[in-house]
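*Asks:* Here's the letter readout for the chains.
There are 2 protein chains.
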Amino acid sequence: MATIAPSRRVRRTPFSDGVEAAGVKGYTVYNRMLLPTVFRSIVEDYHHLKSAVQVWDVACERQVELRGPDAARLMQMLTPRDLRGMLPGQCFYLPIVDETGGMLNDPVGLMLADDRWWISIADSDLLLWVKGLAYGYRLDVLVDEPDISPLAVQGPQAETLMARVFGDAVRAIRFFRFGWFDFNGVSMAIARSGYSKQGGYEIYVDGTQNGMPLWHALMEAGRDLDVHAGCPNLIERIEGGLLSYGNDMTRENTPHECGLGKFCSTQTAIGCVGRDALLRVAKEGPTQQIRAIAIDGDIPPCDRAWPLMAKGKRIGQVTSAAKSPDFGTNVAIGMVRMTHWDAGTAFEVHTPDGVRAATVQDKFWL
Amino acid sequence: MATIAPSRRVRRTPFSDGVEAAGVKGYTVYNRMLLPTVFRSIVEDYHHLKSAVQVWDVACERQVELRGPDAARLMQMLTPRDLRGMLPGQCFYLPIVDETGGMLNDPVGLMLADDRWWISIADSDLLLWVKGLAYGYRLDVLVDEPDISPLAVQGPQAETLMARVFGDAVRAIRFFRFGWFDFNGVSMAIARSGYSKQGGYEIYVDGTQNGMPLWHALMEAGRDLDVHAGCPNLIERIEGGLLSYGNDMTRENTPHECGLGKFCSTQTAIGCVGRDALLRVAKEGPTQQIRAIAIDGDIPPCDRAWPLMAKGKRIGQVTSAAKSPDFGTNVAIGMVRMTHWDAGTAFEVHTPDGVRAATVQDKFWL
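Going down the list, the protein sequences come from chains W and Y.
Numbering-wise, my numbering comes out as the position in the first sequence, counting from 1, plus 108.
Numbering-wise, my numbering comes out as the position in the second sequence, counting from 1, plus 108.
Just so you know, these hints were derived from the structure itself, not from any lab.
Please note that a few of the clues may not be correct.
Note that the list lumps identical chains together, so a pair holds whenever it fits in one copy or between two copies.
As the list claims (entries may be wrong) - When the alpha-carbon atoms are kept at most 25 angstroms apart in a straight line, the in silico SDA-like pairs for lysine to any residue are as follows: (1) K431 with D276; (2) K419 with D406; (3) K133 with R412; (4) K421 with N318; (5) K391 with E253; (6) K133 with T467; (7) K421 with T316; (8) K431 with R119; (9) K421 with S432; (10) K133 with I150.
Computed from a predicted model, the values in this text were never measured in an experiment.
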């Protein structure tokens, strides 16, 4: 396996010193920033995530900040989700689409105030799209990337650990809500959210210089909880059906194909750039859609789309796959044509190591 | 050193099979795609590049295609370089700026026809900015990423090798011009260009399926020329003063700070989005600028900005650095305040391994 070359262009994070001291073994690059992928082994990290608590450097979830009188209008231009009912202190998962209805990102949006939002982005330079629209429409809005770096605390012991560092009030934060908490005199947004199904928080660390002090505080406070440096876990996120932009969906796909129709209110999302393009698919439904897929046998790492084949015809593709210790099969995420997307449908998946049998599941594993 | 994790999101290229068979040892990620950084060793690759010929997988230079009646207008909106004199068959190096005059990319633009262009991009999702502007201004233009993957042939033997595969007509291609050549029945643009100072070509390979056949044809035809798989070489590109977007310049910098004022005709580039913001700096000049910098002693890999200090004050930063075998010093690229940018000025550079002496050079090394 090739190593990752050092350069400033692949940005370090405020937590990179901690990540390295913890013995990171694998990295990916996400939003032109380092994102750890493995510490001990993916399987060890997986079991630990499900039983203890981990601190994740997810600074690569960069923020796009919108601020000004037209911020709310611009936010609604970005997404077919109806934002009229959203209140400060709420997080919304947001399909972001272009004028053709193609997915540009699937971030979490945070409403800070009536005229101020953060968009906590997946892996694409959404900033450039938002800036382009704001400029083209001559909107009165500032669009920028602030010095905010998310640090996630995930796992069954996350609440206990967070309460020790930020006080018992963090226990009251509801799912996909956030509040403001003090660390070393700096106020930081803390949300009940994160890219796992094990529960936990994301701390929007304000100021690069506050990164390592908070990292150390969490590690110190969680020693008896077996806290460990961690990262989004490939196996666990597939089991939980957590999609990955760039893997499981791209600009080619509509939100409805990605199973995100429930986050779209295309009729009422007035102003959304992709609204016209999505009205028909919102009404009639997509012709292919994301499915949980179980794959038999041994499989290699999934570093490219694997064709799904039935009777010699391509009927979809798998884009994320890993062997699950807890479920005794290879868990996978794929896009499947409607002719073959019903639960129980069997077909072939063509991996670089050969053909394997695969079956559509009725839902994700957890 | 950590390895790079496999995932579809970090895209393979049409040439990845060849790169792997050639024993790639290091990768970076560039435009969410794999870019090799080292094959034998950076020093061996360097000497070979300067003496023989290499084939580079630079598919990560993705193309943004503009096509339609408003394509030329949109192109001029992107850059302070005056494009009125540009003709089909020409390549232009283009500073691309936002409404504040900040650099968004530094691609090579290819004019295919009066109403059709390719922008061969550096490391940012320029597509999203261009699409945002096109939508905001309701321009009649298609903006998309075609299935075009550049393959570079670089080194003193590049012309000989290319003539064997594409015919002697490639010898007549002038610097930063391109022509159309046939490979296996497919017409491909070939430009005299590339990210080295050793001379060579970039082939805009049309169609993923044509990647490996062309790779093999070049390797086969160049066997007696000692052709080898290669990649942009860190040392050689610093010696030659080839800037790297994301390393040596970011959205924080104007073209003039990057020493790219010679590519700007801010007065006459009517329609450029950043024109207003750049008029003053174009007239008065920047207060900091890119310089060639020599650094004494041993240095670590440069994976973050290294502060330049004089009398306890920060007067700039180094963003690319490597030990040069041919020039017997560490060659570096940095941004230096005007108080310290004259050739011969000495100051300190603070690397993670300690303080080193550094001196401004009057020009780059080759």
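*Asks:* I'd like to know which numbered hints this structure contradicts. Please list them from smallest to largest.
*Replies:* Violated hints (numbers, rising): 1, 5, 6 and 9; every other hint is consistent with the structure.
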